[in-house]
Every structure is written in structure tokens, then in C-alpha cells.
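A.B. asks: Okay, here's what each chain looks like letter by letter:
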Amino acid sequence: MKKICPILLISIVSLFCMLSCETFEPVAVDDSALLDGPVADLSAAEHIQFLKGDASFNNQVFSSSNGLGPLFVSTSCGSCHLGDGKGHPFTTLTRFGQTNETGNQFLKLGGPQLQHRSIPGFTPEQIPAGATFSKFMPPANTGLGFLDAVSDSDILLFADPDDLNGDGISGVPNWVELKAYVMPRDGSVAQNGKYIGRFGKKAATYNLLQQTAQAYNQDIGITSTFEPTDTYSGVEIDPEISNQEIQDVVFYLKTLKAPIPRQADSDVLSGKQLFLNVGCGGCHRPEMKTASTTIQSLSNKVFYPYTDLLLHDMGSGLDDGYTEGSAKTSEWRTPPLWGLGLSKNSQGGEYFLLHDGRAKSIEEAISLHGGEGTKSKESFELLSTEERRKLISFLESL
Amino acid sequence: MKKFLTSVFVVAISTPLWSQVDSTLFRRVNKDTSKLLLNMDAVYNRPFLSVGKTPVALGGYVEANWQHLGTDGLTEGHQFQMKRLTLFVASSISRRIKFLSEIEFEGGTKEINIEFASIDFEFHPLLNFRGGVVMNPIGAFNQNHDGPKWEFIDRPTSATQMLPATWSNVGFGIYGKKYRKNWAYAYELYLTNGFDDQIISNAQNKTYLPATKLNRDRFEESFNGEPLITAKIALRNKKVGELGVSYMGGVYNKFQMDGFTLDKKRRVDVWALDFNTVLSFSKTYLVGEWAFVNVDVPDTYTQQYGNRQSGGFLDVVQPVIKKDIFGFQKSVVNVVCRFEYVDWNVGKFKETDGNMSEDFVSVVPGISWRPTPLTVLRLNYRYNWTTDILGNPPSKTAGFQFGFSSYF
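Read top to bottom, the protein sequences are chains A and B. At position 115 of the first sequence (counting the first as 1) the number is 119 in my numbering, and the numbers step up by one without a gap. At position 94 of the second sequence (counting the first as 1) the number is 92 in my numbering, and the numbers step up by one without a gap.
Wrong hints could be hidden among the right ones.
To be verified - Output of the computed footprint for chain A on chain B, the stretches with three or more beta carbons under 8 Å from beta carbons of chain A:
1. 164 to 173
2. 297 to 304
3. 387 to 393
Read the hints as simulated data drawn from the structure, not as lab findings. For clarity, every value in this text was computed on a predicted model and none was experimentally measured. Ideal placement from N, C-alpha and C gives every residue a C-beta, glycine not left out.
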């Protein structure tokens, strides 16, 4: 009996482990603490496409053997959008152009985007003389399908170009020219042949297909049938990625869930009231709804992004002298605030807020609001310390 | 000859057939145990069977396991894995000329590699020549990697992913040993084909020396015509243990093509320290290795591919029972633990001067049972923490693994 003991013990332990293994494995982080993951109620087929897109977005790494560059900014979508969250100065990109809204004058010189890295043997691009530029911090990619499915007419309801309501906030759409491969949404509104852009820091991108095809091309140096021009040579070359893969990534982006708010305690609730009282909600609109779309989970849904998808003049402090589409240099699209509290988990433990990541805290981001944001910033600063704390804890709960 | 061929065939196919083999045909080759053995002796310090009266000896080992690992709440469930099957063929061509080859089948037949195939000439104990496919003596694990020698199911991450074990190349070199009282001193020096630029351009999205192993041409063609130098000195004291210092370095990029200069020569340099010892008071066996990798990555490339890496492992093996178990005489039960660390990207971001993370930490406690010294059954519990380059909250993987590894 004595002899058998240790072996018996090992066998029993092994068997026990085999049968109850999951108890000894790391538990899943709560869904509300993560930005990635699909929207609820996708069908099995939709789930499969989501997973394919997920693999392309997060795991497909480009190197010189599968098309990287030769000029590039990063090697995969996931390298810049870690965990689908915001980025870091390491993953920031630079765009260059000019101060007026006449369209980018530097396309022939490698514009609009600077590819400041290159594979060995090539020289990275430099900002041409005379160009102005702006740095862009990667935004979170969550809930994009909801933003994509809002109707143009709803966005226009938020716009108030002449500030008729006198709240100091105007808000205009970015009217952009459509790329040939971009199909306007049903019921979209056009003005002089231009359409309402809604993605990107300046809302210069019409939809997620355009965003994805351009990201492959401009950020990674991957050509596609949509964006066939090699950023290095300036000539059209064979596609380096299939249409299917791009569409899978677009589907993935569309079906990433909306961030789930956390800890709705009384501080957070009164913080939310204060947020609305000081006028933050004039731009960071709490509620929107989607029109009907082909993806059931996104159709006719009310959601809470805290944006109006419109451009606002944010004052000279945030004016980099660079523009896209019809946006002015001081105009920025209101960024959605959902997921704000989880930013640090993808930014390496720090905040890098505003379009270029210059704000190291939420307070600093607010204090840098100028132009149309001045009034509400000043009201925020008039709040008591306690009230400001509550407002911030509300933002962190998003 | 016919008998020999049949035996080779029998050995080459699976173990269940053993029972049908006339085992009197095989003879265990006696190992020379009178001398102090070092890590560098590992290739020949293996159990061999010789067949009849032929000068050829055969051997090999097999490793298989079950595992159930979960990462952040997701699991791939029960996995049964045939990790590898390795065959050795050794022959004494003359008293001082010998040949050994090692062929490995990994993950079924997904990968078939010649790990070793060289001929050794002994001119003098201090001067031996070895040529063919050699195992570069960087660290200790690379040369001493046989599964049955270790108490853990997985090979150490720092040795197999930061250093590229098993890492063999075509080339040649010299080695020698000297014994004096309780001491053994040894050196090794090889020139081989080396790395290529996949080490900084690969699907891992990080500097990854093993990426060169994907280059199928490397056994017949050097990527850039520059040799990789690998050198090691080791010393062993009978009472204290063994200490090795090794270096491996060369040019990894294609700096010229058809006479045109493409780039400057860019080097990869690796330093490693290894040791092993048995603590006399507790009979605890300790074995470990630490290595530093330096790669000259172009400034215009991306810091995603780090120019410095460091990492290592420490295995603690404590025998707790040594007695007959199920009739296996003097079988040994060990309580074991492995600690592993790799920093894939040592240094700071140019943009922020903040630390680049990309770390791997792992702790693997376990129990192993050696019914005979040639066979080990292992139960491991593994816990890994993997941090991305920005240092965001780590992804955690953990779970149980159970398996065996045995020479045959």
C-alpha cells in the first residue's frame, strides 16, 4: 500500500485536474471591463464573420514577405488599436496638408499621411516643405456599427451652423467627396455632390469600408482593389489583400459591441446630471438611435455614445493648421466618450486624450476645450471640487 | 544486413510493436560514465541500442501529452498532443571517428527536421573536429534538449522562442576538453550558416530569432555569405556543478546583392550564461540559463521589433521519494518548479521615453515520476502572464498538462 500511495495520489490528482480543469484557469475579465467582443445576438454566420475579421484585425501581422510598406506606420491594425482601445504616442500617426479646405495639395508629395517608418533599404517619408501637419492618436474602435447606422437626417438634427439656439455651440457636418468605391447609405443627404463624413478625428471618412481600405493602404502599406496605389511609388500595383478580408474586417468593426457603462452609483448619477448641466451634452450627445440596417443586432437601436458626430471649432489651442474635407483647421469631430474610463487599459496605464494625445488626464482634456467648448469648460471650472470629482467619476464609468 | 534493416524498420515505426521484437537482438550501449559529463556531451550521452554486432547504435525519444489551458476565460479544451518523436543513429566509423544524426518529427509530421548530423574526428582530447549539421552551443538547453531529461512538458520559452532551440546549422568547428582532479574544462567553437532578416520581419510582430528556421534553404545556402560564430567555454566541478558562458553572433541581413550594397552589415549578437548544480544538503537539482540578445535594427524601422531582449529560466527539481513503486526499482518522484521570464523588447519608446513592455512571465509547478531514469511522467500546472508592448494589463494563461517522455 505504501508503495502505491504517491502514484495513486498523482493519478487521482491528474484525474481530478482533467475533470475540473477550468476551475484552475484564469477567469474571463468582465465584459464591461473590455472594449472588444461582439454585439449581442449575432447569428452563427455573423459570429463566424466577426471572428474572421477579428483574426485579420488583431493577428494578421504584415512584414516584408506579405506586403508591409515599403513605407508604413505600423505592422497591423491591432498594433495601433490594442484591445480595440485608444492608442499611445508610439502608435500615433501624422497627416500633412494645408490650412484651407481646398483639398489636400500634397497628394503628389505623399500626402495626406506621413509614413515615417520603412522596411530596411527604404527611406521613410518626411513632411514636405510648406506643409502643415497634425498628429492623430488612435481612437477606440468600439460601437462603430451603431455610429455607422445613424441616419444622416438624425445627424443633421444636431447641427446648428448658425447657433440659432444661442448656446454658443454650432456644430457642422464634414461634407466630403466620396471615393469611387464608396456607396452612399440609403437615405443619405448630399450637398453639392458631397456627403456627411463621420469617422476619423475630422470626420473626413464616410464609412468603415473607406476607413479600413485607407488604413491598410496608408498605415500599413497594403494595397487593395479599393486603394490600389502604393504609397511609396505612387503607382497602382496588384492588391496585397483580398476584398473578402477587407469586408470581414469591416464587418468586425461594425459588430464590435458598444462599451458597457460600469458602477452606476449615486456619484456617477449626479455626475451625469452635472455633465448635462454644464453643457457638455451639447456636443457629447448622450443618446442616438440607429436606422434599420442589414445587421439585425444594430437595427433600430437606441445607444449612448456621447457624441454628435459633428465638427466643432475648438479654438486656437487645438488648431494645428491642418485640415481634411470641409473641416476648418480648428474644427474637430466630437469624440464619443463611451469607453473613456477603459482608455488606460489600452494606452499602457496612462491617458493620452484629445486628437493627438496631448491631455494626460480627463481634467486636462476638459481644460483644453476652447472655441465652442469654452462656455461649458468655464462652467465646469466653476463647479466645486466635489462636483468636479463626481462629473469625472461619471466619465470614468462610461 | 537484412536483419538490421528490419530492426531499423521496427524501431522507426511505433512502440506498440516492441512486444513483437526479439529483444535479444538489441544491446544497450554502455555509456562511459567514468568522466565528468558536460552539457556539450549531451548529444552522445544518450541511451543507444546497438543491433546485433553492427557498429551502428540507434536511439530516440518520444514525447506526448494532454493539456487543458485557458486564456482569460477562453479555452481550446482538451488537447492531446504528440509533441515529438526523435530518432538518433550513431555509428563509430573508427575508434576516433564517429557519426551521429538526430531526426525529429514535431507535431506529428508537421515538421521534420535534421537536428544534428555530424561527423566527429578526435585528434586529441583538446582538439576534435566536428562538421555537418551541428547544434550551435548557445546556452545549455540547445545541446541538451531531449525531452526525457527534463521534468516539464513544455520546453523553456526563453530557450525555444527567444533563443531558437533547437537551433542547428550546417558548418564545422572544433571542441576539446581537459580534466584535472575534480574539474573539467571545455571549449567549443563553430562556424555555421546563420540568421536571416526574418528575425526582424515575421508574423510574431517582434524580434524573433527562431523565425529564421522557416527558411528552408538555410541548410544549403547562407543568407548573406557571412558565417555565424558560436563559441562556448564551460567548466564543471564534481562537487559544485557546471557553469557555461556562450556567445553567438553574425550578420543577419542581406547587405549586398549582385555586387550592389543594400545596407550596412547588421549584426545579431547573443550572450548566454548557463549553470546546473545539485545542492548537496537537500539533493535539489537546479538548472538555469539566462541570455541576452542584441540585434542591430535599422532606426527607420519600427520599435515593434526590439533591438534588445533578455530572458531565462530556472528549474528547481526536488526528489522527494526514491523507492520501488509498482516494481520499478529506485524509481524517483520529484516535486518541481520552473520560473521563466522573457523581455522581448528591452528599452524605451523613442516617443515617450517610457518602458517598452512585451514581457512574458511564467511559473510552472509540477510533479514528475521517473520509473527509470530514461522515462518520465510529468504533471505540470502552468501559469503565464503576457504583457503587450505598451504594458497594458497582462493576458493570463493557465492550466494543467500531463504527459510522458521517454527514450527508447
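A.B. asks: Each hint needs a verdict: does it hold in this structure or not?
C.D. replies: Structure-based check of each hint:
1. Using a Cβ-Cβ cut-off of 8 Å, 0 residues of the stretch 164 to 173 of chain B lie near chain A, which falls short of the minimum of three, so the contact claim is violated.
2. Given as covered by chain A, the stretch 297 to 304 of chain B passes the check, having 5 residues with a CB less than 8 Å from a CB of that chain where 3 are the minimum.
3. Counting residues of the stretch 387 to 393 of chain B whose beta carbon lies closer than 8 Å to any beta carbon of chain A gives 5, which reaches the threshold of three, so the coverage claim holds.
In summary, the structure is inconsistent with hint 1 from the numbered list given earlier, while agreeing with all the others.
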